[in-house]
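Novice: Working from the sequences, and respecting the hints, build out all of it.
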Amino acid sequence: MAILITGSTGYIGSKLTAKLSEQEHKIHLLCRSNPRISEFQKPNIRIFSGDISDTSSIEAAMEGVDQVYHLAAYARLWAKDPATFFNINVKGTENVLAAAKKAGVKKIVYTSTAGVIGPSKEKPMSETDPRITGFFNPYEETKSRAEGIALEYAAQGLEIVILNPSRIYGPGFDTGSNPVTKIVELYVKGKWKVIPGSGADLGSYCFIDDVVDGHIAAMNKGRSGERYIFGGVNASFNQLMDLIKKYSGIERKLWHVPFPFLSGMSRMMLMYAGISGKPPMITPDWVKKYYYDWALDSSKAEKELGYQIRPLELGIKETVDWVKQNRL
-11 MAILITGSTG YIGSKLTAKL SEQEHKIHLL CRSNPRISEF QKPNIRIFSG DISDTSSIEA
49 AMEGVDQVYH LAAYARLWAK DPATFFNINV KGTENVLAAA KKAGVKKIVY TSTAGVIGPS
109 KEKPMSETDP RITGFFNPYE ETKSRAEGIA LEYAAQGLEI VILNPSRIYG PGFDTGSNPV
169 TKIVELYVKG KWKVIPGSGA DLGSYCFIDD VVDGHIAAMN KGRSGERYIF GGVNASFNQL
229 MDLIKKYSGI ERKLWHVPFP FLSGMSRMML MYAGISGKPP MITPDWVKKY YYDWALDSSK
289 AEKELGYQIR PLELGIKETV DWVKQNRL
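Heads up: the sequence shown runs through residues -11 to 316, numbered per our numbering.
Rather than coming from a laboratory, the hints here were simulated on the basis of the structure.
Keep in mind that a hint or two might mislead.
[Said to hold, decoys possible] Quick list of the computed label-pair ranges, beta carbon to beta carbon:
#: 1; residue 1: D117; residue 2: N226; range: 17 to 27 angstroms
#: 2; residue 1: N226; residue 2: F249; range: 25 to 35 angstroms
#: 3; residue 1: Y279; residue 2: K181; range: 34 to 44 angstroms
[Unchecked claim] The calculated SDA-like cross-link candidates involving lysine to any residue, where the alpha carbons are at most 20 angstroms apart (straight line), are:
#: 4; residue 1: K277; residue 2: S254
#: 5; residue 1: K277; residue 2: G52
#: 6; residue 1: K276; residue 2: L258
#: 7; residue 1: K170; residue 2: T116
#: 8; residue 1: K94; residue 2: F124
#: 9; residue 1: K277; residue 2: F124
#: 10; residue 1: K288; residue 2: D117
Using N, Cα and C, we set each Cβ at its ideal position, and we do this for glycine too.
Specialist: In structure tokens, the structure reads:
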């Protein structure tokens, strides 16, 4: 089987690439530069120079391919040029799907985000529940628009499955897409000392290996034109930090920081980012999200794909152990 993976150097993509290459598939990677990742130095992995904004490089990487995992995205809090979100997440996705249709690709798995599903209120959100708020940031909005384009191509006969992962954590590269793992690292190092607001807000925490396995299952079993939530354990931020304390064996005082203070601080950071060009640590949009619960219902993926959710205690323990071995 010949497989193209975009976003292969990202958090999910790097692990997916390594796992699929072990299964002796022929792997094509579309990369802006030659990745110096040991797991990619295999005879069945071929690296193509280019990116999803360049249709000719996409078509070259797509030649002879049966399946495509499209993970490449701009998944940041902020961009110096706001158009970056549209150019990569929307236009880039359209470029990949157009090339796939032209090349006669058999199936595509498109990785979106649970951010497009939105926050929850009385119960965990499913794939069919209407969103209860507007979008909080350009990332959510552009990923939603890209989903719409994917569904249009699916209606035209291109077989596409959409995935919506939530807050992913676990061992892996620090790419900006794994903030929970970064929090574990900062806490262990004594550099994380706050809890946003009361810490009672819910998030859905999914382990990286479960998400990677879910991608492969979606390619094998997912129904075209369908979206699947890859959530995890719905837990509060307080519960998350309690587990990090427990398995790190380190007891540190954490300070609950009121949202108004965080909001004011984030505005100052955003102003400085506009002047310096350096990304802010937090943004006003990020703070607003913590006013809500983000509980998710992954039962559709569990039932149709065999998606599995690792207990949060086991996942955090493994993450803490990995941080201690690799980041200290």
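Novice: Compare the distance between the alpha carbons of K94 and F124 with 20 angstroms, and conclude whether the hinted pair is satisfied.
Specialist: The given pair, whose Cα atoms are some 34 angstroms apart, is violated under the 20 angstroms limit.
Novice: Please verify whether K277 and S254 have alpha carbons no more than 20 angstroms apart.
Specialist: holds, 13 angstroms
Novice: For the pair supplied as a hint, K276 and L258, confirm whether the alpha-carbon distance does not exceed 20 angstroms.
Specialist: holds, 14 angstroms
Novice: Could you check the hint for me, namely that D117 and N226 are 17 to 27 angstroms apart, CB to CB?
Specialist: Between D117 and N226, where Cβ atoms are some 25 angstroms apart, the hint holds.
Novice: Has the given pair, K288 with D117, been kept, meaning a C-alpha gap of at most 20 angstroms?
Specialist: Holds. K288 to D117 sits at ~13 angstroms (cutoff 20 angstroms).
Novice: For K277 and F124, compute the direct alpha-carbon distance and say whether it is at most 20 angstroms.
Specialist: Holds, at about 7 angstroms.
Novice: Taking 20 angstroms as the top limit, are the C-alpha atoms of K170 and T116 close enough?
Specialist: Judged against 20 angstroms, a Cα distance of about 32 angstroms means the pair is violated.
Novice: Tell me if the straight-line CA distance from K277 to G52 falls inside 20 angstroms.
Specialist: Distance ~43 angstroms between K277 and G52 Cα, so the pair is violated.
Novice: Regarding Y279 and K181, is the given constraint of 34 to 44 angstroms on their beta-carbon distance met?
Specialist: For K181 against Y279, whose Cβ atoms are near 21 angstroms apart, the range 34 to 44 angstroms is violated.
Novice: Does 25 to 35 angstroms hold as the CB distance between N226 and F249, or does it fail?
Specialist: At roughly 18 angstroms between Cβ atoms, F249 and N226 fall outside 25 to 35 angstroms, so the hint is violated.
The earlier numbered hints that this structure contradicts are 2, 3, 5, 7, 8.
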